[in-house]
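Starting from the known structure of chain A, fit chains B and C onto it as the hints suggest.
As given, the protein sequences belong to chains A, B and C, one line each in that order.
Residue numbers for the first sequence follow the numbering used here, beginning at 1 and rising by one.
Residue numbers for the second sequence follow the numbering used here, beginning at 1 and rising by one.
Residue numbers for the third sequence follow the numbering used here, beginning at 1 and rising by one.
Among the hints, a few may not be true.
Across the chosen pairs, the derived CB separations fall in these ranges [said to hold, decoys possible]:
#1 Leu89/B to Asp84/C: 55 to 61 Å
#2 Pro44/B to Asp268/A: 56 to 62 Å
#3 Pro117/B to Gly360/A: 54 to 60 Å
#4 Pro270/C to Gly37/B: 16 to 22 Å
Just so you know, the hints here were simulated from the structure itself, not pulled from any lab data.
Where a beta carbon is used, it is the ideal one built from N, C-alpha and C, also for glycine.
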Amino acid sequence: MPAETIAQSLKKSGVSRRDFLKLSGALAVAMGLTKIPPDLAGGVPIKVGRGYSINQTIAKALETKTRLPVIWLEFQDCAGCSEAITRSNSPTLGNLVLNTLTIEYHETLSAAAGFQVEQAKQDAMQKYAGQYILVVEGSIPVADEGIYCTIGGRTAVDILMEAAAGAAAIIATGNCSSFGGLPKADPNPTDAKGVWELITDKPIVNIPGCPAIPEATTGTIAHFAIFGTLPELDGLHRPKTFYGVTVHDRCLRRPFYDAGKFALSFDDEGAKKGYCLYKLGCKGPTTYNACASIRWDTGLSFPVQSGHPCLGCSEPDFWDGGGFYQGQSAPLDRPELAAVGAAAAAGAAIGIGAALINQGKKKAKGGEK
Amino acid sequence: MNWNSVLEFARGPFFYAALLIFVAGMIYRLVSVIGLGWSKDHVPAKGSKTGGVVISFLKGILIWPFIPWVKNTFSRNPLIYIGGGLFHLGLFVVIFLGAAHMLAWKSLLGFGWATLPLPIVDWLAAVGIVGMLILLINRIINPVLKLISGPAEYLAWLFVFLPMITGYALTHHLGPRYEVMYSFHMISVDVLLIWIPLSRISHFIFYFFSRAIHGQEFGKRGVKA
Amino acid sequence: MTATEQALNTFVHETGGWVASQLEACTRCGMCAEACHFYQATGNPEYAPVWKVELLRLAYEQRFTIVGGIKSALGLNRRITDQDLQHWSDLNYHACTVCNKCSMVCPMGIDLGSLLHGVRAGMAAAGMVPADLMAAVNKQVEEGSPLGMTAEVWDQRMEWVADEWEVEIPRDVKNADTLVVFSSIEVMKFPTNIAAIAKILNKAGEKWTISSQAREIVNFGFYEGSEEHTKLFLTRILEGAKELGVKRIVVTECGHAYDALRWHAANWLPEANNFEIIHITGVLGELVGGGRIRLKPGFFDGKETITFHDACKIQRKGGHIQEPRDILKILAPESFKEMTPNREDAICCGGGGGVIAVKAADPIRYAAFGLKIDQVNKVGAKMITMTCSNCRLQFTDSVDHFKLDWKITGLAQMVADALVE
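Bound-form chain A, shown alone:
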């Protein structure tokens, strides 16, 4: 089956040439490409003439490349990221990526179940060894030898390691598989970990978010499908295309922030007027994600637009980063009155001690005089 090129597969499903070229352009936009990635020459076995535009390059790639096998693993997750992908209302990307990929294994989406599907996975891993993309959703518990998440009697760690061994690249989708997410929240009973904490010898892309923005996941997969390489990543292994700027930077409420107009509660005049939600605890300024530009449901809206402060769900440990509705500049712990009192008492005690000693010094010197 994968012998068929992506273009051929699309044509079969009724996509016209004109639509195909439009798709190529849309794809380039989705991947945030304005020029051909620098590592293209080495990484992609396609011949591109000088002066080809990026759209033409992508169209060319789609015409020549075969479909990409994908294995999708789920561990400590809520399947929310999968949900998001399937709800992706962007037919261009959804169809293009999902229809043109061969998803060999996906617990939630696969029609097969039980031993059958496990067998299918084993077969795929052998058949496409070294070629397939491994997508991971959900965190991996390592406490107590990983017993807190088992599938078919095998631990998540075990399954992950096995699947990772033959993967060309690993894409961790969602905050859980990227940074541990909700399962890792304090006190982290299962010692949940992100993929990159366990695997260091494979190219790994993190697409954090709760859930991950589907276009970010599909765009990254498409990038690999088309160019054979991973997009440029930041320090947290996130594609710079989607995680290069903060939610705050692109926020539609940003002018209100700059003007110092804030909503002070969820139902006040400011909230009705669409003022900035910073004082309601918005984490936009420290949250790197594309919510404000790509948005959700075909660009319909995103949390801040709909009136809720950003929770910072694409950042590590966002669950433990202070109250969701507490201003971001506020200190994380407010010292209790007792602690302040104790500190004051300690200071006073030392102060009185010092004063007594100094009074003694004064008297002694006075006596000598």
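Using the frame of chain A, we list chains B and C on its own:
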């Protein structure tokens, strides 16, 4: 290194500890000074001491010292007036009327207040930073300041300057990423909090003593403080 | 014990919360230097008031604070040596008149004058007072006056003044209302002042007297900074007053003496509060304001421009700011011009605080007077009046030195000249 965890440390336990050290340190300073004893003044006053204190504070807190012609000293060393004035103005506005700082106060005190629009706060922050630079330059070039400045003075300057410059970079997304700058900002604030009781930055407490004494002494003698 | 230890121990002894809180308030902004006439005149940064109190601050930091403890544990403390002491002695006795202008510009309002006086106390305890100043102090201890005004000399001079100017000077009158104590500067150098004051008081019908026991108002112990000597000299005055049973003591035109007796005596000698202590300027204000003497309006008008020099201890630290101006507005409504800065912000003459008694300080004393020359020239005054003999001494001496054509006079003398007979 994950800067978000650095930030969490700087906003969390480090800040917590720094705040308690600050409280303990300042109380210690106050108590140890007051505990040195105050002798009673038996001299009959000519004018009103209370009146003198009131004038002294009005003069000190309001703009009196900054009106150039009042003291005839403005022309001698204008930099120190301008730098010092701008710095304190910027500092107070930013610390108390900046939205972000108000939220920090709110989380500590339990109540908040109205804040100024960001562009105004922003300009005043820049003014404060410029004021600090002027003060530093003045400290380096003025012969008196050169003489009386040691490592303590320059360190105090640095520890006040760092939170200001990192805070400014932070709001403008200059330099490294937001959380990195934010970490720098919080760490420098924590260091400052610990440094205040050990240094002359604590003058904001003793100011009230010296101003009151000044007012008393001059009020007692029937002289306009 | 070394001199340094003596000095530091005195600093430690003198440092209460009052001093400590002010030392703590200092931000070392250096603004006080801008107020100091010695710094302004010479540009020597060591004359900055904050630097003059450096030893006091170091003693406080090293002996009283945790930071000082940490520093000494790390070996970072500056060790104060006898050389340091000598150096700071020079700074304080040569280049400081304790005029307290610095406290007027201090943004923290630190009462630097008092701290500077505290430094002198340490120097005095360490025996680090300039030799000529110390000789004057000793002379006052032994002979009753630093200017060699022994009882006999005083006696002769007073007789002579009474004869020469034909004024009655009541002496040792029991139960008089007012005891007037002149300074030896007036007795020896400005006798006209004595005659003038006598004339005014007699004219006003004041029941006043001078005392052969309380002869000398000048207090060189206060210049020196020695509590012991200051108290000794104050006691002489208070005992003389007690003996005669007077109600109030009038300090004549001497600033330091007024500061010591009016604003400090009661804290050492509670009996000081048995008397009302007032400066002659205050008395003049009372007499003129109350109509007990009448002055010829415009008596000094139409000649040279007159200006008034504010003395640090009488105006800024004494509060007699308005009286001289009220009087001058009667005497010379046209010719009287104010210098700037004036009143409580006035620039010091440069000779107070014992500086004029220290020969080695002469060059900077004259340099500081340069500021005064500028000020006076700016208003174009040729006649300068004041209420302090020490300032007057500095003015007359400097006028000689700079060969100026100014007329230097005292306010009392002007009032006496313009009395309506």
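Going through the hints against the structure:
no.: 1; hint: Leu89/B to Asp84/C: 55 to 61 Å; verdict: violated (39 Å)
no.: 2; hint: Pro44/B to Asp268/A: 56 to 62 Å; verdict: holds (60 Å)
no.: 3; hint: Pro117/B to Gly360/A: 54 to 60 Å; verdict: holds (56 Å)
no.: 4; hint: Pro270/C to Gly37/B: 16 to 22 Å; verdict: holds (19 Å)
Hint 1 alone, counting from the list given before, is not met by this structure.
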